[in-house]
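Asks: One letter stands for each residue in the lines below.
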Amino acid sequence: MRLYSFRYIIPQAFKSLKLNGWMTFASILTISITLFLCAICWLLVINIDSNAQQMESDVRVSAYIDQTISSEDYPALQEQIEAIDGVDNVEFVSKDQGISDLEKRFGGIDLKETLGGNNPLPDRFSISATNKDVVSSVAKAVKKLDGVDTVRYGEGSVEKLFALTDTFRKVGITLIILLGIAAVTLVAMTIRLTVFARRKEIMVMKWVGATNAFIRWPFLLEGVILGVIGAFIAVVLVLICYKYAGVYVANTISFVYLLELSTIWLKVLGFAVLAGLIMGAFGSIISLLKCLDV
Amino acid sequence: MLIKAINVCKTYKNGLEALKNIDLEIDSGEFVFLTGASGAGKSTLIRLLFREELATTGQVLISGRNIARLSQRETVRLRRNTGVVFQDFRLMERNTVFDNVAFALKAVERSWEEIKVRVPQVLEKVGLGGRENENVMHLSGGEQQRVAVARAIINHPLILFADEPTGDLDPNTSEELMKLFEQINKDGTTLLIATHDKEIVNRMRRRVLTLHGGKLVGDIVGGWQL
Ligand SMILES: Nc1ncnc2c1ncn2[C@@H]1O[C@H](COP(=O)(O)OP(=O)(O)OP(=O)(O)O)[C@@H](O)[C@H]1O
Ligand SMILES: [Mg+2]
Chain A
1014 MRLYSFRYII
1024 PQAFKSLKLN
1034 GWMTFASILT
1044 ISITLFLCAI
1054 CWLLVINIDS
1064 NAQQMESDVR
1074 VSAYIDQTIS
1084 SEDYPALQEQ
1094 IEAIDGVDNV
1104 EFVSKDQGIS
1114 DLEKRFGGID
1124 LKETLGGNNP
1134 LPDRFSISAT
1144 NKDVVSSVAK
1154 AVKKLDGVDT
1164 VRYGEGSVEK
1174 LFALTDTFRK
1184 VGITLIILLG
1194 IAAVTLVAMT
1204 IRLTVFARRK
1214 EIMVMKWVGA
1224 TNAFIRWPFL
1234 LEGVILGVIG
1244 AFIAVVLVLI
1254 CYKYAGVYVA
1264 NTISFVYLLE
1274 LSTIWLKVLG
1284 FAVLAGLIMG
1294 AFGSIISLLK
1304 CLDV
Chain B
108 MLIKAINVCK
118 TYKNGLEALK
128 NIDLEIDSGE
138 FVFLTGASGA
148 GKSTLIRLLF
158 REELATTGQV
168 LISGRNIARL
178 SQRETVRLRR
188 NTGVVFQDFR
198 LMERNTVFDN
208 VAFALKAVER
218 SWEEIKVRVP
228 QVLEKVGLGG
238 RENENVMHLS
248 GGEQQRVAVA
258 RAIINHPLIL
268 FADEPTGDLD
278 PNTSEELMKL
288 FEQINKDGTT
298 LLIATHDKEI
308 VNRMRRRVLT
318 LHGGKLVGDI
328 VGGWQL
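Order-wise, the sequence lines are chains A and B. Heads up: the first sequence is residues 1014 to 1307, going by the working numbering. Heads up: the second sequence is residues 108 to 333, going by the working numbering.
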């Protein structure tokens, strides 16, 4: 094989793509769908992961103050809490502040208005632990104090999130495998059609002494082009969806944050193009092994 | 010996014995006709000699090498040195005359600059000068045949196999084609031409192999005998 032979090989690949119209379209579509779903799964996983990590790192214990004690006793209670082993700092959150925090988290609805002007929240202390392993022991100790009504911290919610990413991972991998097989099969069928359509040319090439490599390259290239075009379509769709999802999430649930588009787009593109390329090449290799021997 | 067949038999899958115990030698630089009635096995023999098919028993040697045992690389080299004009032309219908001939050079990876020069030259040689851009399907049968010849000789093969190259040609044009073959032969190419055109065989006074019912029944130098 000589490098400049690609001058003859590349146009052949594009001619075949045109020749196969509908099969070309179907292959590109399946590859796009496969990679689109892959990318979406991956984005969900990394976003949930990063949210879970974030939550894990700033789990705070909320100690709700018994409503029967008066606010003069609050400082004493705060000192008692600060004295507990593993407590890093203690912050007082009044019920008014609490409700406005909540309002912010749910996208600026007027909670007090909805609740008819009443604020059912008690005053509370927000306590952070020195590290996440002592959170539960701190919570227990705080609960024993007089004047503390209930204690709440993110028990189990972080674990739930991690379980969720695990499910997404498994579903994603299954989907990717199934769709990947479909995509590779379609590419293989497309290439087989090309080989059939060009069998006469292939024969002639053989009889004038073309090398196997020269005969096979256009078909390999055809598969790779299918894969890469499919990948680009998938990436464009994914990034558009992600952008709108980002805007939607930011407007509705502010305690969930999405990774910046600018930090992930290159990864998505690189991954998709590589995967598309591999699927396309794999599809054509399957076809070629079967039907293009000298 | 350039081409040698030793006790070659060919039985097709359907059980038909197309060739029976063929022994044959063709020296480098010879100009040989292969004749025989339709169905005698001419095309079959040619197909065996350029390894489109393998002999059922017996051996075909080219330059002393058994062609059934060549490595892939050697097969490619053999084919680059062997030109074939197929009985059914095997042209690419959708393409122009130029593309059909250029195809043989592209396939062996010659540069575009070379192709641009050599294709018109060879077309001139076969009497199709200036017809480069016509679609091959718009040509007459004889013209198509000459495109096939041009494609077979453009790589200056050492051996040229031609299966009925004059089948569709009028006497004048086949005369032209024979002159071309003689020229090619003078330039050093060994030719084996299957034909049942007695006229031509008689006039050319060359070595003639005759097949009958799959057997080699005649090997005469200097013409045709009835
Ligand atoms: N692929 C094949 N499968 C089975 N039988 C075949 C095949 N090719 C040729 N034959 C048979 O082998 C015999 C010899 O055929 P071949 O084509 O070699 O004859 P030919 O001498 O070239 O005839 P023609 O002058 O008509 O071209 C014929 O009887 C033919 O039917
Ligand atoms: Mg024949």
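If you're looking for bench data, these hints aren't it; they were derived computationally from the structure. On a predicted model such as this, the values are computed, not experimentally measured, just so you know. Even for Gly, the Cβ is constructed at its ideal location relative to N, Cα and C. Hints are not guaranteed to be accurate.
Claimed, not checked - Here chain A is said to cover these stretches of chain B; the calculated rule only asks that three of the stretch's residues, wherever they fall, bring their Cβ under 8 Å from a Cβ of chain A: (1) 173-185; (2) 208-214; (3) 223-237.
Asks: Does each hint fit the structure? Answer for all of them.
Replies: Results of checking the hints against the structure:
Under the rule that three or more residues need a Cβ within less than 8 Å of chain A, the assignment of the stretch 173-185 of chain B holds, with 5 such residues. Counting residues of the stretch 208-214 of chain B whose C-beta sits closer than 8 Å to any C-beta of chain A gives 4, which meets the bar of three, so the coverage hint holds. Counting residues of the stretch 223-237 of chain B whose beta-carbon sits less than 8 Å from any beta-carbon of chain A gives 0, not enough to reach three: the coverage restraint is violated.
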